[in-house]
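Use these hints to put chain B onto chain A, whose structure you have.
Sequences listed follow chains A and B, in order. FYI, the working numbering numbers position 7 of the first sequence as 7, with every residue one higher than the one before it. FYI, the working numbering numbers position 234 of the second sequence as 1234, with every residue one higher than the one before it.
Keep in mind the hints are simulated off the structure, nothing from the lab. Backbone N, C-alpha and C fix where the C-beta goes; we use that ideal spot for every residue, glycine too. Treat the hints with care, since some could be wrong.
Claimed, not checked - Distance condition first, Cα-Cα at most 16 angstroms in a straight line; then the derived EDC-like pairs of lysine to aspartate or glutamate:
1. B:1141 / B:1127
2. B:1028 / B:1202
3. B:1028 / B:1004
4. B:1212 / B:1026
5. B:1087 / A:218
6. B:1212 / B:1004
7. B:1169 / B:1196
8. B:1087 / A:225
9. B:1057 / A:225
10. B:1057 / A:387
11. B:1141 / B:1122
12. B:1028 / B:1167
13. B:1020 / A:387
14. B:1057 / B:1023
15. B:1141 / B:1092
16. B:1141 / B:1202
17. B:1135 / B:1092
18. B:1087 / A:220
Stated by the list, open to error - Simulated restraints on C-beta separations:
19. A:38 / B:1121: 37 to 43 angstroms
20. A:37 / B:1138: 34 to 40 angstroms
21. A:267 / B:1057: 53 to 59 angstroms
Below, each chain spelled out in residue letters.
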Amino acid sequence: MKLPALFSLPALDLSWARIAAVFLKELVQMRRDKLTFGIMVAMPIVQLILFGYAINTDPRHMPAVIEMREDGPLTRAFLASLHASSYVDIVAIVTTADEADRMLRSGEANFIISIPEGFERRLVRGETPQILLAADASDPIAAGGAIAAIERVAQQAFAPSFQGPLSGLARAPPPYEIVVHRRFNPAGESAFNIVPALLGIILTMTMVMITSISLTRESERGTMENLLATPVRPIEVMIGKTTPYIAIGAIQVGIVLVMATFLFRIPFTGSPLAFTLGTALFIFANLMLGYLISTIARTQMQAMQTTFFVFLPSILMSGFMFPFKAMPHWAQWIGEALPITHFLRIVREVVLKEAGLADIVNDLGPLALITLVLAGFALLRFRSTLD
Amino acid sequence: MSDELVIDVTGLTKSFGARKVVDNFDLKVPRGAIYGFLGPNGSGKTTTIRMVCGLLKPEAGQGRVLGFDVLHESLRIKERVGYMTQKFSLYEDLSIRENLEFIARLYGLDRRKARVDHALEDLGLAERQTQLAGKLSGGWKQRLALAACMIHEPEVLLLDEPTAGVDPKARRDFWDAIRRYAAQGVTTLVSTHYMDEAVQCDSIAYIAYGKKLLDSHTADIPKQIGLSAWRIEGRPLIDVQHALEADPRVELVARFGAAIHACAREPVPLEAAVRSRASGASACGDQQNRGRLR
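Only chain A is shown next, with the shape it has when bound in the complex (with noise of 0.2 angstroms):
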């Protein structure tokens, strides 16, 4: 069949015959590479449902700490009120300056609302006392929200209590005045939060797609049928595939950190051993998954999709983009089983928040345990046979 003359340029002999011989061609072969259309078919249903429901740009129920000096009606009310707000959660109500720091730093809360000592009678002279908010800033995000909402809360929270004989005090400007500190971050600098976590991001993309991808090359070569006539042991292959890796790990964590140093002038406050042993458990557990990939996935092209498929969550789901505490449940769950969320705190706490050894044991562990799963699950699925 020939194209219409409009088509039918000298140097431009089309013919749909043959356009449709390449089209019918492509169509068998996407058909036959079942995994692949698979991705193509999951991708938007489960990533609309899973990222349509869990992310909240406009965070909510974020973890707050009430740190009280003062226990009277007044204070009972706005509590009251703080409970019933959608904004904050709050997981503890302490009574000393440093508990409350303590869950800040662990990331337990992301504020300190702290209420001092003489508030209420104070509030009732007139002498308009201070409440305080202190907001973990190395999330800007997720304190932004907060920050914004809090004077809404509060007003909403006193409100009830501002009637009769105090309704003296129901008056703009309110009768006491919020402080906000952003702690960690003063200056509610993005990069301060953004370029540490980049470098899981870096590291989640590479590492898992270099060692996917070298894998299932030997099997798309051929070459896999040679090594598994040789007495190689499948641990003996995933040691030695993946270590060189490790080291292209490291050349990445050090170009980061130089350009967080230099470019983005970012303090490095915490524990370098602390950093070293995160970083590293990540990079290990990332070459996990991609190892793990590389057993179920035949082509180097459905290594790269599927390595994709793993990668958009860790995006989306870990608080790198949007805050993890705004998620639903069911979301932070899977966010939690994601190598990357706990490689995000990990390296907030130790760069910004002057984090130790001690401060991390509790993102180093899961760490640890889903890199044992993974590589648990990539040994069983390697066969040392062809079968």
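Same frame as chain A, now just chain B:
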């Protein structure tokens, strides 16, 4: 050749999906023998070889290779067997020398440099040792593959269609090497499509559709089959060929270069058929090659 059986397996069976690729296969190969696997494509030769060297797990059957259980001691077997895959399966982005050194390391060999040097010399690869394997032609790839599976001095060589896609000179060199190894006591199991290669083996097993149809010393095969053969030369052969094919007394007519071979189990009717049908040809072979296939 001795009576000691290096490969002794019975009842090997393997299916892929619903298709039985190898069905109840027995194989006994004495030490130092060159054992040929002959059969059409897809007859189960590759699958059988893979089961023998532990790359595939048989679903039924048992046996020993070099005294080790094929089901449970495949690692021991792998250490002592050299397997040359049908498709080139070394690293195309490594040089000849790098490939051999890699394999030598995998087997944990001592005197690695000396062994690699020896392998390079032995198969005439020394001058090309820095060339990337991916840049080699078929014949050189085959030499490299043979060098790689000989580097750990295996007692058994499993060669899966080693000469496919290789020119006649390279094939001859290859078979010279195989015979040299056999003389040193290496047992060889080799699959092939080529008759002229098969007859170089001490024994031949003919496989089709996953079953072994024939297993015998090469010299005994014509007797076993009991075929008589006539060789007819001259021109024009095409009419003679058609006439012979149409004759019910002739069971098989095959063209070999400038000659026709006519075969049948009954010698007397065959001779009559050849004499009558081939009489129009300008020349007629009269020697009866009884007992010889070619």
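Status of the hints after comparison with the structure:
1. Restraint check for residue 1141 (chain B) and residue 1127 (chain B): satisfied, since their Cα atoms lie roughly 14 angstroms apart, inside the 16 angstroms limit.
2. In summary, the hint linking residue 1028 (chain B) to residue 1202 (chain B) is supported, as the alpha carbons are separated by about 13 angstroms, within the 16 angstroms threshold.
3. The suggested pairing of residue 1028 (chain B) with residue 1004 (chain B) holds, with an alpha-carbon distance near 10 angstroms, which does not exceed 16 angstroms.
4. Taking the CA atoms of residue 1212 (chain B) and residue 1026 (chain B), the gap is about 8 angstroms. The hint holds against a cut of 16 angstroms.
5. A C-alpha spacing of about 13 angstroms is found between residue 1087 (chain B) and residue 218 (chain A), which places the hinted pair at or below 16 angstroms, so the restraint holds.
6. The suggested pairing of residue 1212 (chain B) with residue 1004 (chain B) is violated, with an alpha-carbon distance near 22 angstroms, which exceeds 16 angstroms.
7. In summary, the hint linking residue 1169 (chain B) to residue 1196 (chain B) is supported, as the alpha carbons are separated by about 14 angstroms, within the 16 angstroms threshold.
8. A hinted pair counts as satisfied when its Cα atoms are at most 16 angstroms apart, and residue 1087 (chain B) with residue 225 (chain A) qualifies at roughly 10 angstroms.
9. Under the criterion of a C-alpha separation no larger than 16 angstroms, the hint pairing residue 1057 (chain B) with residue 225 (chain A) is consistent with the structure, at around 14 angstroms.
10. For the hint linking residue 1057 (chain B) to residue 387 (chain A), the alpha-carbon distance of about 7 angstroms falls within 16 angstroms, and the restraint holds.
11. Taking the CA atoms of residue 1141 (chain B) and residue 1122 (chain B), the gap is about 15 angstroms. The hint holds against a cut of 16 angstroms.
12. The hinted pair formed by residue 1028 (chain B) and residue 1167 (chain B) fails the criterion: a straight-line CA distance of about 31 angstroms is larger than 16 angstroms.
13. Between residue 1020 (chain B) and residue 387 (chain A), the direct Cα distance comes to roughly 14 angstroms. Compliance with the 16 angstroms bound is thereby established for this hinted pair.
14. Of the supplied pair hints, the one linking residue 1057 (chain B) and residue 1023 (chain B) holds, its CA atoms being roughly 14 angstroms apart against a limit of 16 angstroms.
15. For the given pair, residue 1141 (chain B) sits about 10 angstroms from residue 1092 (chain B) by alpha-carbon distance, which is consistent with the 16 angstroms threshold.
16. For the hint linking residue 1141 (chain B) to residue 1202 (chain B), the alpha-carbon distance of about 26 angstroms lies beyond 16 angstroms, and the restraint is violated.
17. Under the criterion of a C-alpha separation no larger than 16 angstroms, the hint pairing residue 1135 (chain B) with residue 1092 (chain B) is consistent with the structure, at around 8 angstroms.
18. Between residue 1087 (chain B) and residue 220 (chain A), the direct Cα distance comes to roughly 12 angstroms. Compliance with the 16 angstroms bound is thereby established for this hinted pair.
19. The beta-carbon spacing between residue 38 (chain A) and residue 1121 (chain B), approximately 52 angstroms, falls outside the hinted interval of 37 to 43 angstroms.
20. A C-beta distance of roughly 35 angstroms is found between residue 37 (chain A) and residue 1138 (chain B), which places it inside the suggested range of 34 to 40 angstroms.
21. Separation of residue 267 (chain A) from residue 1057 (chain B) is about 58 angstroms and conforms to the stated range, judged on CB atoms against 53 to 59 angstroms.
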